[in-house]
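Chains as they are written, first to last, in the working numbering: chain A, 1 to 363; chain B, 1 to 363; chain C, 1 to 363; chain D, 1 to 363.
Take the hints with a grain of salt, since some may be wrong.
[Unchecked claim] Listed next, the in silico DSSO-like pairs over lysine-lysine satisfying Cα-Cα at most 27 angstroms (straight line):
#, chain 1, residue 1, chain 2, residue 2
1, D, K142, A, K63
2, B, K87, B, K324
3, C, K258, D, K258
4, B, K7, B, K74
5, C, K190, D, K258
6, A, K7, B, K87
7, A, K270, B, K99
Read the hints as simulated data drawn from the structure, not as lab findings.
Protein chains: 4
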Amino acid sequence: MGSIFGKLFTAATFGESHGAAVGVVVDGCPSGLELGVEDIQHALERRRPGQSAITTTRDETDKAEILSGLYQGKTLGTPIAILVRNKDARPGAYDEIAKTYRPSHADYTYEAKYGLRDPNGGGRASARETVGRVAAGAIAQKLLVAQGIEIRAYVERVHDISLPTDYDAFPSISQVDQTPVRCPDEDTAKRMIERIEQIRSEGDSVGGVIVLRARGVPAGLGEPVFDRLNADLAKAIFSIPAVKGVEVGSGFSASLMKGSEHNDAFYCEKKKVRTLTNHSGGIQGGISNGEEIVLRCAFKPTATIFQPQQTVTADCQPMTLVSKGRHDPCVVPRAVPIVEAMAALVLADHWMRQKAQRESFCK
Amino acid sequence: MGSIFGKLFTAATFGESHGAAVGVVVDGCPSGLELGVEDIQHALERRRPGQSAITTTRDETDKAEILSGLYQGKTLGTPIAILVRNKDARPGAYDEIAKTYRPSHADYTYEAKYGLRDPNGGGRASARETVGRVAAGAIAQKLLVAQGIEIRAYVERVHDISLPTDYDAFPSISQVDQTPVRCPDEDTAKRMIERIEQIRSEGDSVGGVIVLRARGVPAGLGEPVFDRLNADLAKAIFSIPAVKGVEVGSGFSASLMKGSEHNDAFYCEKKKVRTLTNHSGGIQGGISNGEEIVLRCAFKPTATIFQPQQTVTADCQPMTLVSKGRHDPCVVPRAVPIVEAMAALVLADHWMRQKAQRESFCK
Amino acid sequence: MGSIFGKLFTAATFGESHGAAVGVVVDGCPSGLELGVEDIQHALERRRPGQSAITTTRDETDKAEILSGLYQGKTLGTPIAILVRNKDARPGAYDEIAKTYRPSHADYTYEAKYGLRDPNGGGRASARETVGRVAAGAIAQKLLVAQGIEIRAYVERVHDISLPTDYDAFPSISQVDQTPVRCPDEDTAKRMIERIEQIRSEGDSVGGVIVLRARGVPAGLGEPVFDRLNADLAKAIFSIPAVKGVEVGSGFSASLMKGSEHNDAFYCEKKKVRTLTNHSGGIQGGISNGEEIVLRCAFKPTATIFQPQQTVTADCQPMTLVSKGRHDPCVVPRAVPIVEAMAALVLADHWMRQKAQRESFCK
Amino acid sequence: MGSIFGKLFTAATFGESHGAAVGVVVDGCPSGLELGVEDIQHALERRRPGQSAITTTRDETDKAEILSGLYQGKTLGTPIAILVRNKDARPGAYDEIAKTYRPSHADYTYEAKYGLRDPNGGGRASARETVGRVAAGAIAQKLLVAQGIEIRAYVERVHDISLPTDYDAFPSISQVDQTPVRCPDEDTAKRMIERIEQIRSEGDSVGGVIVLRARGVPAGLGEPVFDRLNADLAKAIFSIPAVKGVEVGSGFSASLMKGSEHNDAFYCEKKKVRTLTNHSGGIQGGISNGEEIVLRCAFKPTATIFQPQQTVTADCQPMTLVSKGRHDPCVVPRAVPIVEAMAALVLADHWMRQKAQRESFCK
């Protein structure tokens, strides 16, 4: 239960980390959209492990196969199933921790919930599950780009190393991807990479912050009162492993401002209503206002570290755990395409919802 | 669209600020729960306006009527409809702003979305809509209390005035409500009230931070991978007007910690698995782990201020707006029961979902 | 659980037969639709009891109040709540059957499901619940009429008295309503009324068959593979109390035909694809084909009869039940507007779904 | 849109007739259920083509692969993805009908809905899509059998050849499958097969009627008022290609009976409430009453026939179609496991819903 996302544009992911495959079934994508396996593959490349010295060494080619929903290069309007075989799965490599709860992993909670768990690589709790999300997100992004909507995520902070506070560009995807840490400022990126390498050498891990921006979003997306655009984006981002916080627009800093400082004054530009500032982050009353959507999310440090840790076994015996295996010392760079994918799923869904209601959104 | 919350335990709210009534239909509440109108009324009292010098002077008695779903003091398992008439509605009082977009309100976005809007008090965008949520939340809380689950929210910060950082009690409801600002520390509360009064005298407004805690939550609630408990809580809280950020457990500060600092070590207490620290905020892998659930949310300053503001009319003419009317200079204290209500709706829903799956949750 | 119908255009009904009120919250109706309480009232008049000698004598004025969702005569796009007070409720009149299970009523099953029940008039199992459906359906029909879609139901058969088999008009609403039995053929109607009166004089009851037709439905509504238009219509109609069977187009008789007899040959009329026959009932592959939608549904005889019946008490004691109270000897005539309402809810929902997907449906 | 079935126990099917694969993702199956690929395979064998002289000659081995959701022979509680490759696909074999609408097929309506279609074997409209349903249904049936619930479907009528009217056994699966026509009475089966062979020799097709029975269903399943057990079963069955009618219990014949004939008198048997007759078909007020659930469904004759038919091309030119290809002259026998699968999905879903609400259903 809980592995289906969206109301009209839906993504149903499946797969365990070291099972036969991971993937997704997208139902509700409109017909007639040009789509090829290369669109999926390109997105998966950005997410896949083994890309650089600062990520896990697990080697997955992550070749996507589209099983259904396409005909002569276009979507049919029927479910699009995408399959990615697990190649570098090592079931059995986790036997020794099958009866131990790794700190700040989901071992204990999965067992509490289900009564059993797949210990191999965390099973379904592994970030490998996000392969399906990224594949689905690639389809959603294709749909959104055709509407003039552009989504971009990048790393703003790793540990305490941040982008300059005056950074305000909407970076291109190549600017983001120019370094493996996915921070669009070259100098900051260099220092982030150094920090990650240093932390790794200590057998430790770090977290960071990702910024998500979307431009070209028309005013009117989002459904009061529960399915607000900010609420659905927050749920989407919080569903990504390791996320601990989400801010929209001014976020927590809003609580330190007065109304006279925080309010976004309206003005008109070429007969279009605009705001002078964007503390609202592009969303007012849960509905997009046509300004850039801006969202920040915080990731905790990777739970797997290579230092001895106190924990317990399934039968409540204390023990000292020393982890082995392959893990990212910092998941933040690889989370960038996942954040984009989740945002794309939300925006595609709300775009369709609004079309269902308003003639003017149909054009 | 979007006014129904929940999957099994659902709340469908209705009503505009200055329309005939507001209310809610709760569908999915199990049968046999003892419930009376006083349970609803008690919760509404905590939310209603006109409670103190620091809130709006709108005078609503907020008398709830239960229209259905009860028989001889118990829930029937059928929909529970609750009606609250608007008494102090003043339709017409907003005529002058019917064609003006108030900064950082939802006037413009509602009009962009729907093509028309009810200008009276913000219509459906008004916080008055939350009456229905609080009524539904009262039923959910009754259900949860019977399971030993306790939910508490309180004000941690107003503007830059905070609870002492070492505050770590789980306050009683009377400790929270002993001051109108709903901060459980008397000295801090006093300074918060002073700040709000000062800000109000300036015709300005402020925001703040609310902490939500839940104890007695059994391990196992939350559905990987999209309907994680933290994700559903985040959506619920972000659906409350004026919320700009949500953190679970360590939140944004997690991104400044190393894994060796952040991981919550496991130990056993009376054969029960516990964690030494609670950076996870009671949720791991999207599933409750039996520790206290801890969440923080940031509220922006009230959008209505009594200083002149630049804005535009619906036909894009610039104008200076000077607001009149009745508004809270700080919505945070009155948001406390709303935060509790939304958390209760999420937990009741997930409790039922888990019961559907596991025999062991049925006892 | 289960009292919310629809995916985009949703209706959440509430209320017990002898509780304070019945009603509905419609969420998802597009904004800008002209709507007044008279639209609702007109539909309720067709459903309400006490209309003629062949219906129950329960006297309900069924005055509807619209509590929300309208502004200056138009829908806001927000939830539309409609309230109808129960006036002629007689709680207590059912005390003697509170511990007895009436044959073919829902007394036993409600108790088995919920562990308790409201015995007054069947509580939620009463057809009085359909007040909310008819109110919601009136809104849906208003929306559909604006798209050129017309829905009509009428009584085809009462007991063994049928419309002539060659009847093939699409009757006007006044032709349907010209007699209390709602059969558009005057002579047949007269014989039906005589039969119902005779059966009532015996303290007995009868059922019958209603035909539903919809014209002006564009080709393209219905979602393969589970949410087919015929499947959603069947669910909608089967959710009406006393329905025992549903046929679309040729129905059960299809099973007696050969493919060469049953297939609907295509031809073109003014560049529009048409079929020569309509055994498909306007739906092929679960999608409307532009021909008239035709559906038949069978109603069982009213469960309440005034002859002695064998049954048991809640503690399994055999007893003889002699019913009192006010009941329709034949529910079929009053079910006509309910069938129309449910069909309207399905068609409005699917119209919106299709708009979400296809540009060409937006015009 | 529309390819996901169920609320808690969900099945999301995918795949076109001549695409790469068909399959399903089941989300919501409880953890700890023993399941192997042989459970799926066994069910698929009953559905697959090429089983006998009276079915299509398309030769599909229909080998299922379980991609996720299992660990050491038990369900994990996570999504179970099942993949079946199309082996005997012949894309291209349908080129000549790519621009022609086959009568009573979904060619025209798919094109009207989506603006394009996959002509190969009907694409998604093909009964091949039901492979995913049968796989999902096998899991649901495994769950139900563990609760003592048994589901059985069989052929009651082919064209005008019927089971003896006094047939009232609950046949074993081997009795059903002893002949390829799946009628449990040997003599009737023989005559049905003769009829199908004769009809096929004429290049024609026939339909028929399937009976579905379920025993061991506890009283209490089904959700008033819209998600009634009969309503959800009707939707499920009507979602199967070629179904034109559904009856529960007495069905259409109920409309010919008086209440005094139709009502099911209650009595007690070993402290359990029973009914003397079962016109209700095991469901009263939309809720199971513990008696056998009985449902009938009518199938139209296969749309593909081998006689010349009048139709039109996509550009509205009249033409005479002479079909080629491989098709069942009567789909009814192969629909038997599909009917069982859909019923199992509904019952598993409602079982979980009821568990979510009632403690007593947890044992």
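Task: Structure versus earlier hints - violations, ascending order - done: 1, 3, 6
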